Amino acid sequence: MGEAYGAVMPANAYNWIAVWRRNFLAWRKVALPSLLGNLAEPITNLFGLGFGLGLIMGQIEGTSYIAFLAAGMVAISAMTSATFETLYAAFARMDAKRTWEAVLFTQLTLGDIVLGELVWAASKSVLAGTAIGIVAAMLGYASWTSIVCAIPTVALTGLVFASLAMVVIALAPTYDYFVFYQSLILTPMVFLCGAVFPISQLPSSVQHFAGLLPLAHSVDLIRPAMLERGADSPALHICALCIYAVLPFFVSTALFRRRLLR
Amino acid sequence: MNMSTVTIDLAEVKKSFGDKVIVNKLSFSVARGECFGLLGPNGAGKSTIARMLLGMISPEAGKITVLNEPVPSRSRVARARIGVVPQFDNLELEFTVRENLFVFGRYFGMSARKIEAVAPSLLEFARLESKADVRVSELSGGMKRRLTLARALINDPHLLVMDEPTTGLDPHARHLIWERLRVLLARGKTILLTTHFMEEAERLCDRLCVLESGCKIAEGKPEALIHEHIGCDVIEIYGGDPYQLRELIRPYARHIEVSGETLFCYAPHPEQVRLQLRGRSDLRVLQRPPNLEDVFLRLTGRELEK
Ligand SMILES: Nc1ncnc2c1ncn2[C@@H]1O[C@H](COP(=O)(O)OP(=O)(O)OP(=O)(O)O)[C@@H](O)[C@H]1O
Ligand SMILES: [Mg+2]
Numbered sequence: 001m002g003e004a005y006g007a008v009m010p011a012n013a014y015n016w017i018a019v020w021r022r023n024f025l026a027w028r029k030v031a032l033p034s035l036l037g038n039l040a041e042p043i044t045n046l047f048g049l050g051f052g053l054g055l056i057m058g059q060i061e062g063t064s065y066i067a068f069l070a071a072g073m074v075a076i077s078a079m080t081s082a083t084f085e086t087l088y089a090a091f092a093r094m095d096a097k098r099t100w101e102a103v104l105f106t107q108l109t110l111g112d113i114v115l116g117e118l119v120w121a122a123s124k125s126v127l128a129g130t131a132i133g134i135v136a137a138m139l140g141y142a143s144w145t146s147i148v149c150a151i152p153t154v155a156l157t158g159l160v161f162a163s164l165a166m167v168v169i170a171l172a173p174t175y176d177y178f179v180f181y182q183s184l185i186l187t188p189m190v191f192l193c194g195a196v197f198p199i200s201q202l203p204s205s206v207q208h209f210a211g212l213l214p215l216a217h218s219v220d221l222i223r224p225a226m227l228e229r230g231a232d233s234p235a236l237h238i239c240a241l242c243i244y245a246v247l248p249f250f251v252s253t254a255l256f257r258r259r260l261l262r
Numbered sequence: 001m002n003m004s005t006v007t008i009d010l011a012e013v014k015k016s017f018g019d020k021v022i023v024n025k026l027s028f029s030v031a032r033g034e035c036f037g038l039l040g041p042n043g044a045g046k047s048t049i050a051r052m053l054l055g056m057i058s059p060e061a062g063k064i065t066v067l068n069e070p071v072p073s074r075s076r077v078a079r080a081r082i083g084v085v086p087q088f089d090n091l092e093l094e095f096t097v098r099e100n101l102f103v104f105g106r107y108f109g110m111s112a113r114k115i116e117a118v119a120p121s122l123l124e125f126a127r128l129e130s131k132a133d134v135r136v137s138e139l140s141g142g143m144k145r146r147l148t149l150a151r152a153l154i155n156d157p158h159l160l161v162m163d164e165p166t167t168g169l170d171p172h173a174r175h176l177i178w179e180r181l182r183v184l185l186a187r188g189k190t191i192l193l194t195t196h197f198m199e200e201a202e203r204l205c206d207r208l209c210v211l212e213s214g215c216k217i218a219e220g221k222p223e224a225l226i227h228e229h230i231g232c233d234v235i236e237i238y239g240g241d242p243y244q245l246r247e248l249i250r251p252y253a254r255h256i257e258v259s260g261e262t263l264f265c266y267a268p269h270p271e272q273v274r275l276q277l278r279g280r281s282d283l284r285v286l287q288r289p290p291n292l293e294d295v296f297l298r299l300t301g302r303e304l305e306k
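Top line first, the protein sequences correspond to chains R and W.
The first sequence begins at 1 in this note's numbering and counts up by one.
The second sequence begins at 1 in this note's numbering and counts up by one.
Derived from the structure by calculation, the hints contain no laboratory data.
Computed from a prediction, not measured in an experiment: that's the story for all the values here.
Beta carbons: idealized from backbone N, C-alpha and C, even for Gly.
Any given hint could turn out to be false.
[Claimed, not checked] Some chain R residues well away from chain W (every beta-carbon gap over 10 Å; in silico):
(1) Ala7
(2) Leu36
(3) Met57
(4) Val103
[Unchecked claim] Some chain W residues near chain R, calculated using beta-carbon distances under 8 Å:
(5) Ile57
(6) Pro72
(7) Asn90
(8) Arg106
(9) Tyr107
(10) Ser111
Looking at chain R on its own, in the form it has when it is part of the complex (with noise of 0.2 Å):
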């Protein structure tokens, strides 16, 4: 049994870049609406909710709630393009467009192929958090370095993301079951983790709970980049995320094997 799980594991280093490099080209072909898309909705909630209640929530843990917004809004992006990425076109890669499949048929395993997607999920949350912070930094919200400082911790938040995504995909007969992860897991995670409210707004037995979810680590680690501070212990939040990335990874990746190598 374990030998059987061990030959489904990532083969070595490098043939992951192989389905990367796949999902890149596909990506090219309709980069420019992809891009655009992927930034229509957080730019409208930055602007919306920014100036709108920027003006009654006034100064908020030290500067203007448009600034801290803008880097909740970074983390925010960064797992939403990771796990829709996932959701759905990983997912139509992995069932009906039969891509999986015809990489089953070359010298790749499973694990390889799940790794390239995370990789490629993480690249696409880079991608939409860049571009938040490049408007925030045009409006002046965060200076251009610390956008800079924040793409590790955006491109660590894509790869947990991606990775918990996995998990779902490879449990979810169909597309219908995902609604439930966005609307149980991941909107409740928006207001718990202090990425449009300080979490110090929640009761105190919930902001031990939302402490642990990955997505307070992220913020507890984007925003004092953006905001030019230090992080509090970045290391434990490093450390958890890693978590968040590398477990998922082992349980859809064996999950995936039930699922598609009977």
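Chain W with the ligands: place on chain R using the hints.
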């Protein structure tokens, strides 16, 4: 067979889904350079066996060796030297023909330069030179099938596993694929082919294995199987009541099968049978040499659906 010349070896392989047995204690081996056919009706287990050779389905009992690698534990290593034509195409529809070859070549770790070097000859082999920059979604079914074949050759495989390579193609396209496969055999490739076309099996396969419900019911060279199980001309008779006719010609036939409204009569002396039927203008009588279809009918008592 000498181990180094055995390309595929299955020993007592078993697989079931739920409590339904799909492959039942199947054993066969394929020598290097051979074209081996798996022949059987829908649901016989052909695709399941093809996927087992690739490590995409694990047998629950028995041993599989492909290109000297144990499968599925080291199937990844074996797959580096295998080309696959699946039953249903899984090409990249949004990509062009050339891009499909590129993307697939990269999965084998080939450099862009290496792919560029082999792509033109593959396109020529598949007669797709003029379609290199056309999106796959715009190709006809036969062209897609040829592209799948070209794609399967990108890693210069020793072994080709082809699951019904010509199903759904018109006769012209089918003959084109057969001709291409013969070229590959002449180059020394080993081919495992599944099919339910008797003609395809007879034309291409050096040896074949006839399956029914996951069990091997015959194995051997096509001519040998035909000779062994039939060995005489076949007279097909339709029209009229087959059971009544059977009584009429029974004394002159070695064996008679009724399938649907057709009567198959295996007769060492066909002229005697025809004599019995003279003047029966309601009947249509066809005399022909025996083929694999007859072997299947003889062994299972029913026709292999086309
Ligand atoms: N994943 C599966 N779960 C359950 N049963 C399956 C599965 N895959 C195949 N089967 C069953 O296994 C049997 C053999 O299927 P297989 O696809 O190998 O047949 P085949 O010989 O390739 O048929 P065809 O000529 O129609 O392609 C069929 O009865 C099919 O219903
Ligand atoms: Mg089949």
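Original post:
Taking the least C-beta to C-beta distance, is Ile57 (chain W) closer than 8 Å to chain R?
Top reply: With a minimum Cβ separation of about 6 Å from chain R (threshold 8 Å), the hint on Ile57 (chain W) holds.
Original post:
Taking the closest pair, is the beta carbon of Leu36 (chain R) still more than 10 Å from chain W?
Top reply: 19 Å, holds
Original post:
Hey, does Val103 (chain R) actually stay past 10 Å from chain W on C-beta?
Top reply: Not fine: 6 Å to the nearest Cβ puts Val103 (chain R) too close to chain W.
**OP:** Verify the interface restraint on Pro72 (chain W): the C-beta must sit less than 8 Å from at least one C-beta of chain R.
**Re:** 6 Å, holds
Original post:
With a cut-off of 8 Å, does the beta carbon of Arg106 (chain W) approach a beta carbon of chain R closely enough for the hint to hold?
Top reply: 4 Å, holds
Subject >> Cut-off 8 Å, beta-carbon criterion: hint that Ser111 (chain W) touches chain R >> reply: Since chain R brings no Cβ nearer than about 11 Å to Ser111 (chain W), farther than 8 Å, the hint is violated.
Original post:
Hint check: is the beta carbon of Tyr107 (chain W) less than 8 Å from a beta carbon of chain R?
Top reply: Holds. Min distance 4 Å.
Original post:
Taking C-beta pairs only, is Ala7 (chain R) more than 10 Å away from all of chain W?
Top reply: 5 Å, violated
Original post:
In terms of Cβ atoms, is chain W entirely out of 10 Å range of Met57 (chain R)?
Top reply: Consistent with the label, Met57 (chain R) stays out of reach of chain W, its closest Cβ about 45 Å off (over 10 Å).
Original post:
Do the numbers back the hint for Asn90 (chain W), that is, is its least Cβ distance to chain R under 8 Å?
Top reply: 4 Å, holds
Hints 1, 4, 10, counting from the list given before, are not met by this structure.
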